[in-house]
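Sequence lines, in order, name chains L and D. At position 101 of the first sequence the residue is numbered 113 (this note's numbering), and the sequence of numbers has no breaks. At position 76 of the second sequence the residue is numbered 88 (this note's numbering), and the sequence of numbers has no breaks.
Derived by calculation from the structure, the hints in this document are not laboratory data. Careful: at least some of the hints might be erroneous.
Heads up, the list lumps identical chains together, so a pair's fine if it works in one copy or across two of them.
[To be verified] Straight-line alpha carbon distances no greater than 27 angstroms define the calculated BS3-like cross-link-like pairs of lysine-lysine that follow:
hint : residue 1 : residue 2
1    : Lys70     : Lys122
2    : Lys87     : Lys122
3    : Lys53     : Lys70
4    : Lys90     : Lys122
5    : Lys122    : Lys97
6    : Lys97     : Lys70
7    : Lys96     : Lys122
8    : Lys53     : Lys122
9    : Lys20     : Lys53
10   : Lys20     : Lys96
11   : Lys20     : Lys97
There are 2 protein chains.
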Amino acid sequence: MYASELIKGTLKTIVLKLLTDNERMYGYEITQKVKESTSGKIQLTEGALYPTLHAMEKQGILSTEVENVGNRIRKYYKVTPTGKKLADDKVNEFSAFMETMMILLDIQPKLS
Amino acid sequence: MYASELIKGTLKTIVLKLLTDNERMYGYEITQKVKESTSGKIQLTEGALYPTLHAMEKQGILSTEVENVGNRIRKYYKVTPTGKKLADDKVNEFSAFMETMMILLDIQPKLS
DNA sequence: AAATATACATAAGAAAATTAGGTATATAAA
DNA sequence: TTTATATACCTAATTTTCTTATGTATATTT
Numbered sequence: 013m014y015a016s017e018l019i020k021g022t023l024k025t026i027v028l029k030l031l032t033d034n035e036r037m038y039g040y041e042i043t044q045k046v047k048e049s050t051s052g053k054i055q056l057t058e059g060a061l062y063p064t065l066h067a068m069e070k071q072g073i074l075s076t077e078v079e080n081v082g083n084r085i086r087k088y089y090k091v092t093p094t095g096k097k098l099a100d101d102k103v104n105e106f107s108a109f110m111e112t113m114m115i116l117l118d119i120q121p122k123l124s
Numbered sequence: 013m014y015a016s017e018l019i020k021g022t023l024k025t026i027v028l029k030l031l032t033d034n035e036r037m038y039g040y041e042i043t044q045k046v047k048e049s050t051s052g053k054i055q056l057t058e059g060a061l062y063p064t065l066h067a068m069e070k071q072g073i074l075s076t077e078v079e080n081v082g083n084r085i086r087k088y089y090k091v092t093p094t095g096k097k098l099a100d101d102k103v104n105e106f107s108a109f110m111e112t113m114m115i116l117l118d119i120q121p122k123l124s
């Protein structure tokens, strides 16, 4: 796990990226997907995720579809067209930010 | 300029890196150096920097030397031995974090 | 039967930054 | 020469964002 301060500010970017790649996902699914694809190094907390999802819906970045799975409720999120543009911008911005930080901290990326 | 939320959490790492490379620097100098070497893309605000410097001194990460330059005061900061270890850790952690984010966001670093 | 996993949610508090203000000297421009 | 900009420090109120804690409820595994 990384120091939480590092992860700060990247939540929206991560959510938008996952939702552009996956058509629709529900909150809990997002937490599990991030945990899995980062080998547990990034773990989104529900206390941070849910309020952010609600805010993004309110802002028209995401839309929702509620479904009943058995007796449980499941709330799927999708990116709106507005959200798609924002997703691109956010990912590109993070990419550029990384380039800048690599220069500033004098670090090289691992080649894969 | 990057969205401020992106830069959040990186302030201490940036300060520690600069101070390990430069022996000693004063607050204003740090803001200018960062601005210059990122072509203005990262601009530290004094309201964020000074309280952080004070906190780091209190924690034994940095030590200070006050000097008079003309009629003005200048407060130089240096990393303590404790700070040197932390600087390494912080930079390595950010580096690892970037690797993780590159996988998660599916972005490649520019080769230089 | 109890513990863990799934799945949502909110609310109090902490942490970290922004914004805005304050003091003061030095230098460049109008 | 006065005004604006640059240098150089600082703090305080507010905002933003996250953590921690808690709550509800069903499903599944031990």
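Hints and how they fare:
In this assembly of identical chains, Lys70 and Lys122 lie within 27 angstroms of each other by CA distance neither inside one copy nor across copies; the values are 39 angstroms within and 36 angstroms between. For the identical chains of this complex, Lys87 and Lys122 are neighbours neither inside a copy (38 angstroms) nor across copies (38 angstroms), given an alpha-carbon limit of 27 angstroms. Proximity of Lys53 and Lys70 under a CA criterion of 27 angstroms is satisfied in neither setting, with 29 angstroms inside one chain copy and 30 angstroms between copies. In this assembly of identical chains, the alpha carbons of Lys90 and Lys122 never lie at most 27 angstroms apart, being 33 angstroms within a copy and 30 angstroms across copies at closest.
In the homo-oligomer, the alpha carbons of Lys122 and Lys97 lie at most 27 angstroms apart only across protomers (22 angstroms), although the nearest pairing inside one protomer, at 29 angstroms, exceeds that limit. In this assembly of identical chains, the alpha carbons of Lys97 and Lys70 lie at most 27 angstroms apart only when taken from the same copy (17 angstroms versus 44 angstroms across copies). In the homo-oligomer, the alpha carbons of Lys96 and Lys122 lie at most 27 angstroms apart only across protomers (24 angstroms), although the nearest pairing inside one protomer, at 29 angstroms, exceeds that limit. Taking the shortest Cα distances, Lys53 and Lys122 sit within 27 angstroms of each other both inside one copy (17 angstroms) and across copies (24 angstroms).
For a Cα distance limit of 27 angstroms, the shortest separation of Lys20 from Lys53 qualifies both inside one copy, at 14 angstroms, and across copies, at 19 angstroms. Proximity of Lys20 and Lys96 under a CA criterion of 27 angstroms is satisfied in both settings, with 22 angstroms inside one chain copy and 24 angstroms between copies. Taking the closest pair of Cα atoms, Lys20 and Lys97 come within 27 angstroms of each other both inside a single copy (22 angstroms) and across two copies (23 angstroms).
Violated hints, in rising order: 1, 2, 3, 4; the structure is consistent with all others.
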